[in-house]
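Following the hints, complete the assembly by docking chains B, C and D onto the known chain A.
There are 4 protein chains.
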Amino acid sequence: MSLVKVAVLTGGGDCPGLNAVIRAIVRRSEQRHLEVMGIRDGWEGLVEERHERLTRQRVSGILHLGGTILGTSRFNPFAIEDGPERVMRTLQRHNVGAVIAIGGDGTLSIAREMHALGVSIVGVPKTIDNDLGGTDYTFGFDTAVSIATEAIDRLHSTAEAHQRVIVVEVMGRHVGWIAAYAGLAGGADAILVPERPARIEEVIEHVERRRKEGRKFSIIVCAEGAMVDLGEGAKLISRGRDEWGHERLGGVAQSVAHAIEKRTGIETRVTVLGYVQRGGSPTASDRVLGTRYGVMAADLVASKRWGTMAALRGNEIVAVPLADATRSLKQLDPRIYDVASVFFG
Amino acid sequence: MSLVKVAVLTGGGDCPGLNAVIRAIVRRSEQRHLEVMGIRDGWEGLVEERHERLTRQRVSGILHLGGTILGTSRFNPFAIEDGPERVMRTLQRHNVGAVIAIGGDGTLSIAREMHALGVSIVGVPKTIDNDLGGTDYTFGFDTAVSIATEAIDRLHSTAEAHQRVIVVEVMGRHVGWIAAYAGLAGGADAILVPERPARIEEVIEHVERRRKEGRKFSIIVCAEGAMVDLGEGAKLISRGRDEWGHERLGGVAQSVAHAIEKRTGIETRVTVLGYVQRGGSPTASDRVLGTRYGVMAADLVASKRWGTMAALRGNEIVAVPLADATRSLKQLDPRIYDVASVFFG
Amino acid sequence: MSLVKVAVLTGGGDCPGLNAVIRAIVRRSEQRHLEVMGIRDGWEGLVEERHERLTRQRVSGILHLGGTILGTSRFNPFAIEDGPERVMRTLQRHNVGAVIAIGGDGTLSIAREMHALGVSIVGVPKTIDNDLGGTDYTFGFDTAVSIATEAIDRLHSTAEAHQRVIVVEVMGRHVGWIAAYAGLAGGADAILVPERPARIEEVIEHVERRRKEGRKFSIIVCAEGAMVDLGEGAKLISRGRDEWGHERLGGVAQSVAHAIEKRTGIETRVTVLGYVQRGGSPTASDRVLGTRYGVMAADLVASKRWGTMAALRGNEIVAVPLADATRSLKQLDPRIYDVASVFFG
Amino acid sequence: MSLVKVAVLTGGGDCPGLNAVIRAIVRRSEQRHLEVMGIRDGWEGLVEERHERLTRQRVSGILHLGGTILGTSRFNPFAIEDGPERVMRTLQRHNVGAVIAIGGDGTLSIAREMHALGVSIVGVPKTIDNDLGGTDYTFGFDTAVSIATEAIDRLHSTAEAHQRVIVVEVMGRHVGWIAAYAGLAGGADAILVPERPARIEEVIEHVERRRKEGRKFSIIVCAEGAMVDLGEGAKLISRGRDEWGHERLGGVAQSVAHAIEKRTGIETRVTVLGYVQRGGSPTASDRVLGTRYGVMAADLVASKRWGTMAALRGNEIVAVPLADATRSLKQLDPRIYDVASVFFG
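Respectively, the protein sequence lines represent chains A, B, C and D. The first sequence runs contiguously to residue 345 in our numbering. The second sequence runs contiguously to residue 690 in our numbering. The third sequence runs contiguously to residue 1035 in our numbering. The fourth sequence runs contiguously to residue 1380 in our numbering.
Any given hint could turn out to be false.
Unchecked claim - Dumping the calculated SDA-like pairs for lysine to any residue here, alpha-carbon to alpha-carbon at most 25 Å:
1. A:330 x A:225
2. C:906 x A:77
3. A:5 x B:672
4. A:212 x B:400
5. D:1247 x C:720
6. A:304 x B:686
7. B:561 x D:1085
8. C:902 x D:1085
9. B:675 x B:554
10. A:330 x B:660
Please keep in mind that the hints were generated in silico from the structure rather than gathered at the bench.
Just chain A, with the same shape it has in the complex:
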């Protein structure tokens, strides 16, 4: 009896915990008599036939490493001519019986479409931002929150020593999960997120109230995609673009900071955390979650539950349809924001 061969790929933005998933898939597959082929650079590797055998030795010592040993890309086979056909040809040529796609919105949408074309596929959800449906949390989010929180802790001491306001921009173009969690954990005096458009006046009130109590320093946590009404002329701000057409670094945060400084007279500074939030060693919690997902993904292949993905519900790892992940953006739980707002100002 020949082994079933499983192709594994990671797509989209990198995320701490990807290597934990890959390692777990390989180790569990060994137990379930599956052979694992690692695809390079997401879906691109399936079109371009870039891959390597993944053995136990190959995945030894990678559990704690950030990034992905397979590389990643945002390549979409449906965006090129013959893309899906080329993917299927690769799978046939290498005698691949199943695909495990680890990724976010984009990757899992492609997986769903591939499944509709008849490919035997299962998924593992991945999102730093925690905005995927179908699952309570995914790996990477806890790491991003931890890194952002540690930065906020550091900024607190400098804000206090200088009696300044610091506006810190964290990841989250469409949702405020990281901002809310890191803001809660870091003791933010205001948190700006996409889900709750805020007026700059409210933020200024928090800053002023603190000043009246003798604390001139404040920490404002701001998601990249925060919606803030700056008043004067009343438009919500967006990130803006620089002279080369790139999105402006810290666009929202800088607009907010400028408005606060102008109105309160308190020195206000901006820090943009950027890519450090998605790099480096995953937290213990993300390694455990990634590992549980990886074991489940191999089990889903072994039991041929095509078109499903591993998901976390409460404390359990369950299988849900791939479509659940991508149906709609999972917005910030309003109860979390409400808890955070107890501490504003």
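Same frame as chain A, but now just chains B, C and D:
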């Protein structure tokens, strides 16, 4: 209308996140028009009348600190004459309308009995070991797992450089939650816990299998209360006592290490993590959880839900009867152990 | 016999280790029978008479905290009318026999001038950037390098997963110490500093050479004040200003990144570390150095060595004239840059 | 012209920063037209002919890793018959023109003897404990101090919450460098080292003085080889051995703790940090130092300065005779201990 006065105490072993709970209680109480009195050193402070007013200023800047600003003790008022009466006298004398007890098995049992005597009381569950019923997780556990995992990461490099076996003992006298999570996150080659008595032969098999594949080093994670059958004469080992009658430091781990070294001839060393696991700054996740509990506890007081405690169920904070926490020890989820065992040997 | 009263102030930008210095001054002063008065917000507090008694209790538990319990400012008494006179009046009115000024270029220059006016003063050098003369290193620098290195470690995994170039901007407007040390420790593929004007072509060569060897990712570390000749039209870039007249966030790094992307076609991203580098808990090494400085400063007061400051020479703490600190900018040791350049490309 | 081939080995206990040295040797050797051969497991690999080619690719990505990619052992070729001859035969057979030995007392003594036998050899000093002569500091020490300090920070919060004394044992069998630095950085209330035999009464006095000021908790830092006179019967304690003949875990610390608890009645606990101090990622400072040593070692080979080793003097990397390292144990600088003692009690 005079404010209701709430007494807050922390009892039992310290736990990262206690200050997050206290701060949240104070901030939420302010919104709910409750006044907060901090009791020193757990129940002892209610008997001895040691307390202080807790204001917003007093709890400013404590969110990220380990320990508890209130101090703690293992004092039990039911163990001394007139204890419960003295507690109630203190409450009356200071016009205290409600008590929030933050603690584990011991503290919450006392709370339950006090409630039976008519005291208006609510609880917040606290356990490093994650062995309390009624709640999925509590604050402090994630921090302990993180610290243990970081230590295991460090031990890996020294074990590999020297081709040694290292047995690392983590907290867990009665349950294996920390051992299983930290072992999973740290990539342990075997995990020994109280819930799954193991024979030393199995551990040795894992070590030998790795040696055959060219890896002479292994990491064995061992809970303090792990049950291991050492074979020869067949008794399960316990911690033992030293010449002064104290429990032996690393008793179980040392017995395991000695057996491995003797049988395999591979140099084997012991590390006992001890108190570092429960000290210091809580993880972001524990700060969020502690804060959510604290807000809920103040809400339970405001809505007079006496005899209940804040608990985590899935992603929600709910109220459960105090008795749920202490009914029975919450043992390690066998599914977690099964995932971990995929990676043994 | 009445105690001599010593006034302690911290001026300029905050710096991890300031609290270690303050604590050491207080503890050593107690042994030398000196009384310590803490001045709020640098020289401003001496003009405005804002101060507090510093006792052993007051400085207990601050050793590991970032910032400064005394607050800081960039206030210069020589810049206002009667400034120096008001300082001296405050000193007399409160019977202050000596001043310990902890600060950088600005603070120590003022100290030197005050000394020239007859004030009994000693100094402690402080600079994140390591650009003060008279001393080999000061506290804060090691912490800044550590934080930057940890960030570079994280960026490495994301750069590798995505096969990108990441340009990371670290502190250093006038000198490249942090860039060189963090670049060395983080394994940077090129380091841009003020002391060694570079042509963008060299950087691009390093990136290209790596690509030829199969590594499309590179990490470029760039000091805020790096001198880079972008070619086309041949001007050295500076930070630039945004629409509100503030210095542009990551101005140099963005220009460099844009040029690399345009010329190599490799996706290039920017991260600006900013204020996180100067906040938070000091490293063990900075705590030791700050403590040694503080003990020395109290000893300098006790032995009336006015006009001197504590300094590190090799492994020894010595006294040097205040003027040594401010005579000229201490530029990056070229041997360090040369070692770093072994690893370029 | 054929390249000169250099053999590199790491011997003795592992130490964070070893990989930084190896990487730097390889990169600098490439520039100096030297070829590098990595020897496995210290001197043993030269006898057993276990080695591998070290290329730029092989040492890519190892800068931040703990341990040593070459493995290490305590093997001494002079302790076996024909050992030195076999070493020399290996060198000849593989056409090795020079050896770089990275190690401590043992490894460098062997290097010195090999040099006396005519082998072209240079050294790099390595010691966690900082007890080697000829150099101010070596890599690994800063990392060990950092890890110990972080642990002491954590223990502080638990000691304070429970009003306990905690005795923490750190590395240092013969010298007190780690104890003194970590004790200073961690704010220890007493530090016990081999170089300054102490009476238990002094320690108890510190604990009692703190209690009188209202602080029942204390942190005592204790080197493994601390000399403490326990009074009653007046013997200095040593580590002792357990029932299997191994040195007792935390022997000195436990004796000290028992004596304190017995005499003061304050609950006293022990933590033994053990192997975590020498494992894991090196600090930025140790990576810089290791890298500077590695570059220097390759330069010493290129300039044929046999019988010397790289050493740190002040801020410079210099060459000193190999014999300088091993002439005598470098004891703790008494000025450091004196600074630390300002904070006792």
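We went through each hint and held it up to the structure:
1. Restraint check for residue 330 of chain A and residue 225 of chain A: satisfied, since their Cα atoms lie roughly 15 Å apart, inside the 25 Å limit.
2. Our distance criterion of 25 Å between C-alpha atoms is met by residue 906 of chain C and residue 77 of chain A, whose separation comes to about 22 Å.
3. Note on residue 5 of chain A and residue 672 of chain B: the hinted pairing is violated, with a Cα-Cα distance of about 48 Å set against a maximum of 25 Å.
4. This hinted pair checks out: residue 212 of chain A and residue 400 of chain B have alpha carbons roughly 16 Å apart, not beyond 25 Å.
5. At most 25 Å may separate the alpha-carbon atoms for a hinted pair to count; residue 1247 of chain D and residue 720 of chain C meet this at roughly 17 Å.
6. Between residue 304 of chain A and residue 686 of chain B the alpha-carbon distance is near 23 Å, which keeps this suggested pair within the 25 Å criterion.
7. Taking the CA atoms of residue 561 of chain B and residue 1085 of chain D, the gap is about 16 Å. The hint holds against a cut of 25 Å.
8. Only pairs whose Cα atoms come within 25 Å are accepted, and residue 902 of chain C paired with residue 1085 of chain D is rejected, the gap being roughly 32 Å.
9. Note on residue 675 of chain B and residue 554 of chain B: the hinted pairing is violated, with a Cα-Cα distance of about 33 Å set against a maximum of 25 Å.
10. Between the alpha carbons of residue 330 of chain A and residue 660 of chain B the distance comes to roughly 14 Å, so the proposed pair stays at or under 25 Å and holds.
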